[in-house]
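Enquirer: The residues making up each chain are set out below.
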Amino acid sequence: MTISTGEQAPVEKARVGLGRPLRVALLYGRDDASRREVARVALAAAAEPSAVVPTDDPRSFGELAQALRDALPDAVLVRPEPKGVAAMAELLEALRLGCLLQRPAPRIFAIADARVADQLRPAAAGLPFEVSSDVAELVVALRAFRRGADQDLTLRDELIEDAARSLAASTRGDALVIDVSESSTSCVLARAEELEAAHIVPLGLGAAADHVVARAGLDRVRRWLPRPVDAPALLERVFNRALWPGALPATESALALEMALAREAIAHALRDAEYAGLDVAAMRASPAVLVTGRAASFPRPAQTLLVAVDGLEPTALTTVFREPDDGRAERIALVLSISPRRSAIVRLTHAGGRAEHRVARGAFMLVPISGDVDVSVKGARVKGIAHAGALGVLIDARGRPLVLPNRDAERIPAVSRWHATLRALPSMGVA
Amino acid sequence: MTWRHARWSADHPLPIGVVERTAVGQAVNAGDVIAAGMALGTAIRLKGARRLGLQTADMERELRVPVGGEVSAGTLLARTGRRFPRTLTAPIDGRLLHLTADGDVYVAPIVGRWIVRSTLDGAVTRSDDAGVTVEGEAWCIEAAAAYGPDAIGELTLGVNAPMEDLAPSRLDVRLGGRIMIGGARVSAEVLTRAHACGVSGLVAGGAPVAGLRVVYGESLTASGHAGREDRPTVICLIAFGGAALPDAIFGPLAALAGSRAAIHTASARLFVFAPADAGVFATDELDLALAPDYASVRALVAETVNGEVTFPSEVRAGAVRQGDLVVPSANVRAFHAKR
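Here the protein sequences line up with chains C and P, keeping their order. Using this note's numbering, the letters of the first sequence map in sequence onto residues 1 to 431. Using this note's numbering, the letters of the second sequence map in sequence onto residues 432 to 770.
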C-alpha cells in the first residue's frame, strides 16, 4: 500500500461539456484520401458536418452556394487533391457567394501546402482563411472555437481521449473507450503512440436520440427491443426523449429504448469512423474496452455489457470496463467473441478448476466465474489470460457481422434471449 | 411562463438572388413582403478577364452590368479595345450571379421568383442579401418545435376544448389563409388537408412524428425544420404525439382567436398581434412532465416531491408525484426551459 505523505491539495471541480456546437462544411477533392482527411479532422474535433461537398458534386454553382448558405457553417475544412485545385477554387467561389454575409463569417481551414493555399486564397476573398498541413493543429484550433470564451471548460472529448491513453498505459496494450452521452457518441482507440478518435455530435441516447433515428433509421433502433412496439409509438418516445435532456428511464420499456439507442449510436459512430478511414478493425479487436457516459450509468452492469457487445461487435478476447460520470470504474466481464463454423470447444481455466464448453454457432452464454481466467478455443487462435470481472465470461458466438433476423417473429425471441442470458432487464430476474 | 407580451426579434434568411428588400428602420407588418428575388437555374461560367485581356482586379470596373443585375441573351457584359474590340455578352436571359476572383462571371437563368414575408409587426433592424431581421412587440409562446415555412394569418379556433383533436372534416377552403388552433393533436391527414385547403398554419399540443416524417421527410429531427418549400406549417407547443393543452396555454389561445398571428418556424414561436392588455393571462410557471416510458407529456398541476424512489427500471432517483403518476424529478421541467 502506498500512503501519500504530501500536503493535502484542494480538490478543484472541473466543468466538463461539449462547448459550443461547431458546424463545419467539408470541401474535399475527388480522391478518397482527401475525403478521409477532412472527415477525420471533423470527427476528432467533435464537429457536426452541416455540408459535405466533393469537387465533383453534381449540383450547379447556384445550388451549391445556396446549400452552403443554408448550412450556416462556423468553419470550413478544405482539402484539395493535387490536380483539383481549380475545382476546389470553384467550390470556394460558391462558398463566397453563399456565406460572405454570414455573421460571424465562417473560418476556412485549408489542409494544403502553402503553394496550393496561395492559389485558393483569392477565391475565398473576404472570408478568414487559415492554412495548415498539420491535422493535430487543426483539431486544436477547432476545439478552441468550441470552448469560445470559456477557456476553463474541459471538453468531454479531451477527457475521453485522456481516459483511453490511461487505459492503454495501464493495460499495456490497445484500449478503446466508448462514450455514449445525452448528445454525443465517441469511440477512441489508444495505441502505443497514436490515438484514433471519432466524436460524433449530435448523436446520443438522450437529447440527440432523434439524430440516431434520423441517421440510422427507426428499424435499426427497433430491432434491438426485446418486445414488440409499433413504429409510430416508438418514434414519439424517441422524439419526446430528445426534448427532455437529462430525463431518466423509469420503466423497463424506456430503459430498453435507451439501450437500443446506445447500441445504434455506437454502431453508427463506428460507421462514421470507417468512412473517415479510422482503423475500426483494431477498435473491434481491442483487448480492453471502457464504456463511459450514460451507457455506463444503466442500473445493471449487464445492460452496459450488452450495449457494448451489440454495438461494438468485438472480435477478440475483450475485457469490458465501465465508468459512469458520477461513479467509480469497474471491470464488468470478459467477452470471448468467436465465429465457429458449426461449434467450438472453449476451455476456461480458473482458480476454481477447469471447464470445457461446447459452443454452437449462434450461442450467447455467460459463464459466471470470477478472478483470472485462462481462455483457449480449440481450433481457433483465440487464447489469453484475463480477469473475468463482476459478471464472468461472456461467450459470444453469434458471428460477425452480427445479423439480426428481419422478421419480428424470429428477431424478438432472439433479442429477448440475449437479454435474458445477461438478465439485462429487471423482469428477467435479479441481477 | 407560457405567454408573454414583449419585444421580439425574428430573423428571415434570404435565398440567393435577392432583387429588393426593405431598408433598415422601415416599419413593417406581419405578412408584408420584406424581400423579393429570383430563383435561379444552372449557372453558366463565362471567361471574363482572360478573354478580355484584363487584369482580374479590373474586371469588376469594366462590367457594364452590376453583379446581381438582370440580363437578356446578347446583353453586353463587358468590352475592351477600340479598333479591335473584345466583348463579353450574356449567352442567355438571366442574372449576372457572381464575379469570380480570377475574373470570370456566372450567368444563371431565372426559373422562378420568391418573396419573403415578415413574421412580426415592427421595424427592420438588419437588412442585407443574407437576411432581414425584424423587431417588434407581440404576444408570443415559444413551442417545442415547428415545421414548414413561416406562416401568417388570422388565429382561428378549430376545437372546442384543449383535449380535443382537430378533425379533418372541420377544415375547408373557407379557412384558407388562417392559422388554426388544433387542440391536443393534429394528424398527418389534418396537415395535408389543411395545406390543400390553403390553411396557413396549424397550432397544436403535438403532432405524430410518423405523420410529420411523411410530410417533411425521414431526416426530420425534434428540433424542427424551417423550409421554403411549399409544405404545410405546424407548430407543436408541448411535445410529439398528443398533448392536451393546459389552461395556461389554451385559455390565451382561445382569447386571442381572431387576432392576426404568425408562426416563425426557425425559432418555433407563435406571435399573436394583439394589444398588451388583450387579456390577463396567467404568468405562473407551468411545469411539464415526461411520462416514465417517454410516451407522452402532460402538465403538472399540483405536484409533491416524494424523495428518492426506485422505479421499475431499477433507476433510483428523486421523484415527483401527481395523483397516480410518479415520475423522476429529472423528467419534470418548466415549459419555457430551452431544449
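In short, the hints are calculated from the structure, not lab data. Hints may contain errors.
What the hints assert, rightly or not - Reference excerpt, derived from the structure (chain P facing chain C, CB under 10 Å, subset only):
(1) Gly472
(2) Ile475
(3) Lys478
(4) Thr487
(5) Asp533
(6) Ala539
(7) Ala554
(8) Gly562
(9) Cys628
(10) Leu651
(11) Thr652
(12) Gly672
(13) Leu721
(14) Val728
(15) Val732
In this text, a Cβ means the ideal position worked out from N, Cα and C, and glycines have one as well.
Enquirer: Now tell me, hint by hint, if it's right for this structure.
Expert: Taking the hints in turn, this is what the structure says about them:
no., hint, result
1, Gly472, "holds, 7 Å"
2, Ile475, "holds, 9 Å"
3, Lys478, "violated, 13 Å"
4, Thr487, "holds, 8 Å"
5, Asp533, "holds, 7 Å"
6, Ala539, "holds, 5 Å"
7, Ala554, "violated, 19 Å"
8, Gly562, "holds, 8 Å"
9, Cys628, "violated, 25 Å"
10, Leu651, "holds, 7 Å"
11, Thr652, "holds, 5 Å"
12, Gly672, "holds, 4 Å"
13, Leu721, "holds, 5 Å"
14, Val728, "holds, 6 Å"
15, Val732, "violated, 19 Å"
When held up to the earlier numbered hints, the structure conflicts with 3, 7, 9, 15 and fits the remainder.
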